[in-house]
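K.L.:
Using the sequences provided together with the hints, build the complete structure.
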Amino acid sequence: MITGGPLRWAPRLTLALLVVPVAAGLLGTLIPAFSNDAKGFRALLDWPGLSPAVWLSLTTGVAATALSLAATLLLVASLWGTRVFALIQHLLAPLLSVPHAAAALGLAFLIAPSGWIARLLSPWATGWTQPPDLLILNDPYGVSLTLGLVTKEVPFLFLMTLAALPQADVARRINVAQSLGAGRIAAFVISVLPSLYSQLRLPVYAVLAYSMTAVEMAMILGPTRPATLSAQVVIWMADPMLTGRATAAAGAVLQLAVVIAALLAWVLAERIAALVLIRLAEGGLRAHALDAVARGLAVLTGTATAAALILGLAGLAVWSVAGLWQFPDALPASLSLKTWMRAAPDLASTGGLTLLIAAAATALSLALVLACLEAEHRYALSPQTGALWVLYLPLLVPQVAFLPGLQIAALRSGVEGHWLAVAAAHLVFVLPYVFLSLAPAWRAWDPRVSVAGLSLGATPARVFWRLRLPMLLRPVLTAAAVGLAVSVGQYLPTLLIGGGRVETLTTEAVALSSGGNRRLIGTYALLQMVLPALGFALALLVPAMLFRNRRGMAVSA
Amino acid sequence: MTGVLELQDLQITQGQTRVVALDLTIAPGEVLTIMGPSGSGKSTALAAIMGTLAPAFRTTGRVILAGRDITTLPPHLRRVGLLFQDDVLFPHLSVGANLAFALPPSVKGRIARRALVDAALDQADLSGFAARDPATLSGGQRARVALMRTLLAQPCALLLDEPFSRLDAGLRAQIRSFVLSRIRKEGLPAVLVTHDPEDAQAAGGRVVTPLGIPVKL
Ligand SMILES: Nc1ncnc2c1ncn2[C@@H]1O[C@H](COP(=O)(O)OP(=O)(O)OP(=O)(O)O)[C@@H](O)[C@H]1O
Ligand SMILES: [Mg+2]
Numbered sequence: 001m002i003t004g005g006p007l008r009w010a011p012r013l014t015l016a017l018l019v020v021p022v023a024a025g026l027l028g029t030l031i032p033a034f035s036n037d038a039k040g041f042r043a044l045l046d047w048p049g050l051s052p053a054v055w056l057s058l059t060t061g062v063a064a065t066a067l068s069l070a071a072t073l074l075l076v077a078s079l080w081g082t083r084v085f086a087l088i089q090h091l092l093a094p095l096l097s098v099p100h101a102a103a104a105l106g107l108a109f110l111i112a113p114s115g116w117i118a119r120l121l122s123p124w125a126t127g128w129t130q131p132p133d134l135l136i137l138n139d140p141y142g143v144s145l146t147l148g149l150v151t152k153e154v155p156f157l158f159l160m161t162l163a164a165l166p167q168a169d170v171a172r173r174i175n176v177a178q179s180l181g182a183g184r185i186a187a188f189v190i191s192v193l194p195s196l197y198s199q200l201r202l203p204v205y206a207v208l209a210y211s212m213t214a215v216e217m218a219m220i221l222g223p224t225r226p227a228t229l230s231a232q233v234v235i236w237m238a239d240p241m242l243t244g245r246a247t248a249a250a251g252a253v254l255q256l257a258v259v260i261a262a263l264l265a266w267v268l269a270e271r272i273a274a275l276v277l278i279r280l281a282e283g284g285l286r287a288h289a290l291d292a293v294a295r296g297l298a299v300l301t302g303t304a305t306a307a308a309l310i311l312g313l314a315g316l317a318v319w320s321v322a323g324l325w326q327f328p329d330a331l332p333a334s335l336s337l338k339t340w341m342r343a344a345p346d347l348a349s350t351g352g353l354t355l356l357i358a359a360a361a362t363a364l365s366l367a368l369v370l371a372c373l374e375a376e377h378r379y380a381l382s383p384q385t386g387a388l389w390v391l392y393l394p395l396l397v398p399q400v401a402f403l404p405g406l407q408i409a410a411l412r413s414g415v416e417g418h419w420l421a422v423a424a425a426h427l428v429f430v431l432p433y434v435f436l437s438l439a440p441a442w443r444a445w446d447p448r449v450s451v452a453g454l455s456l457g458a459t460p461a462r463v464f465w466r467l468r469l470p471m472l473l474r475p476v477l478t479a480a481a482v483g484l485a486v487s488v489g490q491y492l493p494t495l496l497i498g499g500g501r502v503e504t505l506t507t508e509a510v511a512l513s514s515g516g517n518r519r520l521i522g523t524y525a526l527l528q529m530v531l532p533a534l535g536f537a538l539a540l541l542v543p544a545m546l547f548r549n550r551r552g553m554a555v556s557a
Numbered sequence: 001m002t003g004v005l006e007l008q009d010l011q012i013t014q015g016q017t018r019v020v021a022l023d024l025t026i027a028p029g030e031v032l033t034i035m036g037p038s039g040s041g042k043s044t045a046l047a048a049i050m051g052t053l054a055p056a057f058r059t060t061g062r063v064i065l066a067g068r069d070i071t072t073l074p075p076h077l078r079r080v081g082l083l084f085q086d087d088v089l090f091p092h093l094s095v096g097a098n099l100a101f102a103l104p105p106s107v108k109g110r111i112a113r114r115a116l117v118d119a120a121l122d123q124a125d126l127s128g129f130a131a132r133d134p135a136t137l138s139g140g141q142r143a144r145v146a147l148m149r150t151l152l153a154q155p156c157a158l159l160l161d162e163p164f165s166r167l168d169a170g171l172r173a174q175i176r177s178f179v180l181s182r183i184r185k186e187g188l189p190a191v192l193v194t195h196d197p198e199d200a201q202a203a204g205g206r207v208v209t210p211l212g213i214p215v216k217l
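So the protein lines, in turn, are chains A and B.
Quick note on full-length UniProt numbering: the first sequence kicks off at 1 and runs consecutively.
Quick note on full-length UniProt numbering: the second sequence kicks off at 1 and runs consecutively.
Partial pick of chain A residues on the chain B-facing surface, computed with a CB cut under 8 Å:
id	residue
1	Ser-455
2	Ala-458
3	Thr-459
4	Met-471
5	Asn-549
If you want the ones that stay clear, here's a sample from chain B, every Cβ over 12 Å from chain A, calculated:
id	residue
6	Glu-6
7	Asp-118
8	Gly-139
9	Gly-212
Note that these hints are calculated values from the structure, not bench results.
Ideal Cβ placement from N, Cα and C applies to all residues, glycine included.
P.N.:
Following this line, the structure appears as structure tokens:
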């Protein structure tokens, strides 16, 4: 075709932009781990906290993944097609856009011994007039960490399920199975779950890999002595002695091995579950009694997840404007804007830099994703499964396993500490989400519009700019908002590639979390959440404004 | 610019099966009708003339339009107009902007372009509709806008893929005679795909299957 130029290369370029940093980073982590007679590994093995740290990474990660998946499937199975389901769909995007650090801080404010829950129950139910001496936060079993992960991963898995549902033909299959006498849950499990899960597999692996290795959530909510393996790797990396770096590299390699082992075990569990499912189906599973229980449980988990996030964030907001606030009081005695005023200059500069990095990473991601999708359309390329795996690569390989190596590369080339380098590192994580968010809507566009445009003499480029892009403005802006949210929430890439000198709202919020200034933490965490929320609001408002006189562009169309 | 549309031994195969075999010349103002059962290859024949055939098909032969060999040209350079079963008006543009989209870049200046759009609306009995949202038009009005949009692009040939099948009986005859009279007036060679013998009769030209076999009405 006439425009066979650079566009044709967009998919390959994009895949390379994802593979090269991950591969180079892994290499850059492996080499120091094994150099000097594997000194790093010997130091690692000498560390007494090693086995509990590995065990914590495994238990919290697997538990969080299993719980999130179970909660998501329960919600979908028992509420699909109801009004509550529609309500959850509306709440989803804002919940999803809450950065991990803000969610963790909110949850911390909620469940801490002096947090909102304890305040609401005291003193009348508990008799406490002082914050109790209980280790609820940072508990040694990682229960708070697991809960924190679940509140963030349920919205993510739910969104991925929503994207997969149209292909699973839910309504018809459930109806058929129910007409054969199965209860609703049994009908879902037997007739929908297998094809639904096959599409959820990659997102679930990403959740498992993430949950086992989350750093900022582990720093805020996780155990401390020892911390989870990934959190400990980051602590070693900050060690000014060079021995710390070698130990960190060895720990990162071990973390990667543990994640691979856990993924393999998960795949094995999938196989067993599939066999069990076939048995159940052959046995004529009906399980009517299950339906009511499941429904109750679904409403409960859905509400608990949403409430934990929303109340946590509300807690942050109240703390940020709190004057005097003594222990058992449910609300502060007075409100004041003093914290905001005092922090305003710092908030403005940190927020500005955060936005700048997010805008750069998102704009570039969006351009690449659009180029890929347009190349796919113009050259009638059919997306391969391999490409999907590459897209998930940065989400499957633990950040602690490849970012240290990437940091060394950044250091050597002298770009470490520059905001553009941080934005480039963010791109690796932003791009997959932008693609996953935009691709379904882009591909579902009516191809006859394109043929109509071409038949009127419009070039493919004109069809793209004047027809496809404006018609798909809403999903494009939503994908941009997703990208913005992902970038704003990045902790480890910002910390490592920024060399500690590029301060964003997220790195500041996590850094503040170890100190006790709840009011200041509240301001940073709140702003960290407001930026992505604004993005989503704009993605809704702008198309609604532009196309207010175009009925054919209404949301349902 | 008008001229004949020549299909020179145009053959399209999908795997081992031949779906299209046409070897004929369509004169300016003539409407060739293609009829045949669903899935027999009617839309495929049009896609080959349009240049939008899926990679699954193999094509041999040539398509000559007004003396130009367009067989390997990309769709937007072929100057072949197309009307679908649905009007496929662009939902984000006003009626006037839909029409202006089709104007060739050679028409320069806001006022000149606006004048052509208004003239086209007048000819379709839609004076003053330029600012309207296409979603607020009736089926017949939308069909007329779609035709005028196609004509404003100054095509050298017109392809029609069951363009009347979604309209109800009364409207159908009315739009059909509007479209056919425009084709004769502009002197365009046209190919009409339809399931309705009445369409074929009104078109008044030859009637063949996608494999070129004459059809008796
Ligand atoms: N994109 C495609 N890829 C592969 N095969 C196709 C494609 N489009 C159509 N076909 C097949 O080519 C054959 C001809 O299809 P075509 O659309 O031309 O039929 P038609 O005569 O227009 O039918 P209808 O009256 O239903 O519109 C059918 O067997 C169809 O399944
Ligand atoms: Mg057809």
